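Colleague: Order-wise, the sequence lines are chains A and B. Numbered according to UniProt numbering, the first sequence spans residues 1 to 414. Numbered according to UniProt numbering, the second sequence spans residues 1 to 414.
Hints were generated in silico from the structure; no laboratory data involved. Quick caveat, the model's predicted, so the values are computed rather than measured. For each residue, glycine too, the CB sits at the ideal point set by N, CA and C. Every clue listed holds true.
Pulled a few chain A residues facing chain B out of the computed Cβ check, cut under 7 angstroms: (1) Arg23; (2) His35; (3) Thr36; (4) Val43; (5) Asn55; (6) Leu68; (7) Ser102; (8) Ala107; (9) Glu296; (10) Glu337.
Number of protein chains: 2
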Amino acid sequence: MRVASVLESISAGIRCFASHAGRAGEVVGSVDKKHTISGVINVPQRILMGPGPANAHPRILAAQALPLLGHMHPPFLAIMDEIKSGLKYTFQTDSPYTLMVSGTGHAGMEACISNLVEPGDKVVVGNAGIWGERVVEMSKRFRGEVTDLKVPAGQTVPYELLKQTLEQQKPALLFLCQGESSTGTHQNLTGLGELCKKTGALLLVDTVCSLGGVPMFADAWGVDAIYSGSQKCLSAPPGGAPLFLSPRAMEKIQRRKTPPATYNLDLNLIGDYWGWFGKRSYHHTGMVSTCYAMREALALVNEEGLESMWSRHKELHHRLWDGLHSMGLKSFIEKDEDRLITVNTIKVPEGIDWAALIKNAMDEYNVEIAGGLGPSAGKVWRVGIMGYNARPANIELVLTAFKDGLKKQGWKKF
Amino acid sequence: MRVASVLESISAGIRCFASHAGRAGEVVGSVDKKHTISGVINVPQRILMGPGPANAHPRILAAQALPLLGHMHPPFLAIMDEIKSGLKYTFQTDSPYTLMVSGTGHAGMEACISNLVEPGDKVVVGNAGIWGERVVEMSKRFRGEVTDLKVPAGQTVPYELLKQTLEQQKPALLFLCQGESSTGTHQNLTGLGELCKKTGALLLVDTVCSLGGVPMFADAWGVDAIYSGSQKCLSAPPGGAPLFLSPRAMEKIQRRKTPPATYNLDLNLIGDYWGWFGKRSYHHTGMVSTCYAMREALALVNEEGLESMWSRHKELHHRLWDGLHSMGLKSFIEKDEDRLITVNTIKVPEGIDWAALIKNAMDEYNVEIAGGLGPSAGKVWRVGIMGYNARPANIELVLTAFKDGLKKQGWKKF
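Looking at chain A on its own, in the form it has when it is part of the complex (with noise of 0.2 angstroms):
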């Protein structure tokens, strides 16, 4: 009676390949959906100086060729217990709660906002453009009571505004975003984790584009989370987010009343994989390739050394700017003081074709100059200085891609 009733559900003229069938004997059809694959991956060399990703070392990506190890063998765990180190190094921290979170930024976000926000929760997000939109979003679908201090495209949110703020509110939680790609700015957070700790907040700062490009000091500066991105200023291919967390943060985590809505992002659960409670659980299966990465990345960054990472970029930035104000041009960010180093946010003049520029250096120059995002669409041009890529020559490049493309639509102001 089963069989019968499945062979009728069966479309006429599907044969039944016995010998392909699992174990379990299914009634099997015809592989009758046709491939359209073939041939060798054809990947095209790009000089990526947009916000990212931006090129990644090619020792990094020589150790993704590596053979895989299993995600608990020993040789792995120790590679883990590598990215650990690397990363408390990289954020300034003593504590033991870092690690890398399988997933691009987002999920390191997600991972953040999760585990801190417990429904009920009042968050305050300072919304400076597309990442703070995201975390506002993102704490109102895990259910926290958000305020959102939008600011204008461009601006930073002022020192003031927090503390009226913090101390009015009393939030779980307040965000921030360190370095905002989408228009520019650099959050200064000079002050913020002395008040926060005063009226009873959190701390969770965004530092996908900043991180090893620009100072962060979690411990000094009193922050108690932190999530970041591994292609920017780190060198990587996206897949890995660096994560940390204060012991306050793991402390208010363990509290909950309720687990977080997302299982995979558990920071409970990641934490007990990356031996964060002295023993190592199957969680998920780690991203092999990723972690080696992420471990040559964070190499790299120790290698060099973090004060010449940021005075390399800091140099960079001044160079790019000098260039590009000969031309005649100008920062999107009126306070200079609110400029961001990593993601340069050029205005574009009236009557200049923002996208024809764009097209010109991809095309001449094989050089990615990226456009606005979010608030800034339209109205900016981004070029990202960044890790690998944070080089004179690319800088250079640029000035040239630059040059050619406001020469080709007859900008006169140089």
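Starting from the known structure of chain A, arrange chain B on it as the hints suggest.
Modeller: Coordinates of chain B only, in the frame set by chain A:
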């Protein structure tokens, strides 16, 4: 005043590195946390014959060393299109809704559960081991009402039980795991698509350890959603989760009253990045290297052909068992038709130390044989026959390791 209070909060002795300050002019401390990683990564060679990851194909590893492209660049979008097409073949579907989730199999699982389950939805979980357990847990976190059809370890979920439960409960979703790698069972899916359609349920199937190793006919079998893993029969590193939705499943997602709790895995947004709806909207930064790997993995599936892959896995499964039987070893799975080809569970005989045999295999032969997991822990060895590793030489090596390990413990049956 503000600066004064900040200075108080910074412990004495920390100098200000003005030259390292970001544009924002933060008051920065000194780099006093030391780094401990040095030198180039060290990765030993292993033959991974456990339940996964299996060794990746060298051509796939090589693809991961290719230079990055931007996550919205046309050549990268073309690679994403190739992945969608390759997955249509691999799942045997004409549905346009295929993509690779940026994350491991767990992210794939959570993408399906979080999008297909609305708060209050009835979910019936065929629970034959650890993957069933996790879907029970995940469905509860996303506020589904779960009926847990738990069967004893080593058994599959009987058709009659499923039929009865679906007819009584009329759930929104039925979950089954095609290959339950914790116990080594293969769930027969025959007739279930039809049953689900009749009772109004969507059929979700886990194929993490089975896709490419045993038949899957998503359309012919009436499956509505599938997630899988990259690191098993597809021979790629862990990190990308193949995903399929039927038009019926897509409709349910688009009809949701509330968005899923997870923004990171919201399939409306991710699908929009993968071009499901005719355009390309940025959601997250696609995992570029991991996509290269998946593209090559699917090209290899194409070149070999599904029928050939299924036959190869089946033949080697028989070769393994011929050898194991000749040593007097037995399957953990009672019924022949319930046995999974890709992950084989071997009963540990009384008096034999399973861990010692595993250690001997690694120490002497550099080959991974795994122990049990969840309900099979301590009771079985697990041997994977998956993808690039499904080759005669590897099976012979595993058999040699078993023979040697048993001999050293005085096993007399051969």
